[in-house]
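A.B. asks: Put chain R on the given structure of chain X with help from the hints.
These protein sequence lines map, in sequence, to chains X and R.
Note that the numbering used here has the first sequence beginning at 1291, numbered continuously upward.
Note that the numbering used here has the second sequence beginning at 124, numbered continuously upward.
Be a bit skeptical, because a hint or two may be false.
[Claimed, not checked] Using 30 Å as the maximum straight-line C-alpha spacing, the simulated DSS-like pairs for lysine-lysine come out as follows: (1) R:Lys196 to X:Lys1359; (2) X:Lys1364 to X:Lys1395; (3) X:Lys1363 to R:Lys209; (4) X:Lys1385 to X:Lys1298.
[Said to hold, decoys possible] These stretches of chain X come out as covered by chain R in the derived footprint (C-beta under 8 Å, 3 or more residues): (5) 1330-1340; (6) 1353-1359.
Hints listed in this document are in silico derivations from the structure and should not be mistaken for laboratory results.
Glycine included, every Cβ here is placed at the ideal spot set by N, Cα and C.
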Amino acid sequence: MSYEVNGKTVEHDEEGYITDISQWSDELAGLIAKDEGIDMTDEHWEVVNFLRDYYNEYQIAPAVRVLVKAIKKKFGPEKGNNKYLYELFPYGPAKQACKIAGLPKPTGCV
Amino acid sequence: MEDEFQGTLETEGVRKNFMFLNRKAPYGSIYAQEIQEMVLISAAFEQNTAVVFMDDGVYQIKKGQDTSATGMKNFSPTYGIFQMEKEDAEEDEDVDVVWHIVVEKESMEARGLTPEDFVIDVEVMDAAELQKLMAEQDVILTG
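Just chain X, with the same shape it has in the complex (with noise of 0.2 Å):
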């Protein structure tokens, strides 16, 4: 199973998570919102762009408690709250997020 981008193959398992986190570009993040039914926005690519950091940091992607924790103090209570991440990713702002920006699948969250 994989994912073409600009010619290039890009592996994933059977939920769409990509294998090899280095093969993720701009390009296949927004290949993998459109199957996820999700047109990229500034707002999403906040999000993304966010757990991407702090994947880099800390090696492993955060439990959704601490994704909305962290988001509210970079960016504000309007958009640290599980409402507003919902909205954008509808199908849990952890699991779907991750999912776009090329990070492993989170372990036991949503």
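C.D. replies: Below, chain R without anything else, positioned relative to chain X:
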């Protein structure tokens, strides 16, 4: 409706003192990584958390780990989340969760290490101080 949510409400607000005692070197067994995950779960449930590194466990948070030759993941950057949780708990006035990140003095010194050698900020406690902290715990998990 109220009845349906009673189960959840009853568990809310239960907060115990959990101590996670790390005594083993980070690689070679799964203990260090498993405890790391337990601490993150403990944090998710907003429990009082005391993470202690003693004996060879102090190597878990040593700076400059390179696991490329072993094919194992270097999970030392993830300890940064402990520090973030601790700082968040201290900053947030609505949250009264208590965090301790402790290195046992004797273990650290026996290995020629100082607090500057660690990837996160630590409280250094000698065995007697640690014993006091242990006495305050509801649960102690060792690995």
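A.B. asks: A separate judgement is required for each hint: does it hold in the structure or not?
C.D. replies: We went through each hint and held it up to the structure:
1. A hinted pair counts as satisfied when its Cα atoms are at most 30 Å apart, and Lys196 of chain R with Lys1359 of chain X qualifies at roughly 26 Å.
2. Using a Cα cut-off of 30 Å, the hinted pair Lys1364 of chain X and Lys1395 of chain X holds, with the two alpha carbons roughly 23 Å apart.
3. Using a Cα cut-off of 30 Å, the hinted pair Lys1363 of chain X and Lys209 of chain R holds, with the two alpha carbons roughly 15 Å apart.
4. At most 30 Å may separate the alpha-carbon atoms for a hinted pair to count; Lys1385 of chain X and Lys1298 of chain X meet this at roughly 25 Å.
5. Taking a C-beta to C-beta cut-off of 8 Å, the region 1330-1340 of chain X contributes 0 residues in contact with chain R, too few for the three needed, and the coverage statement is violated.
6. Remark: the region 1353-1359 of chain X is confirmed as covered by chain R, as 4 of its residues place a Cβ nearer than 8 Å to a Cβ of that chain, reaching the required three.
Of the numbered hints listed earlier, the single one contradicted by the structure is hint 5.
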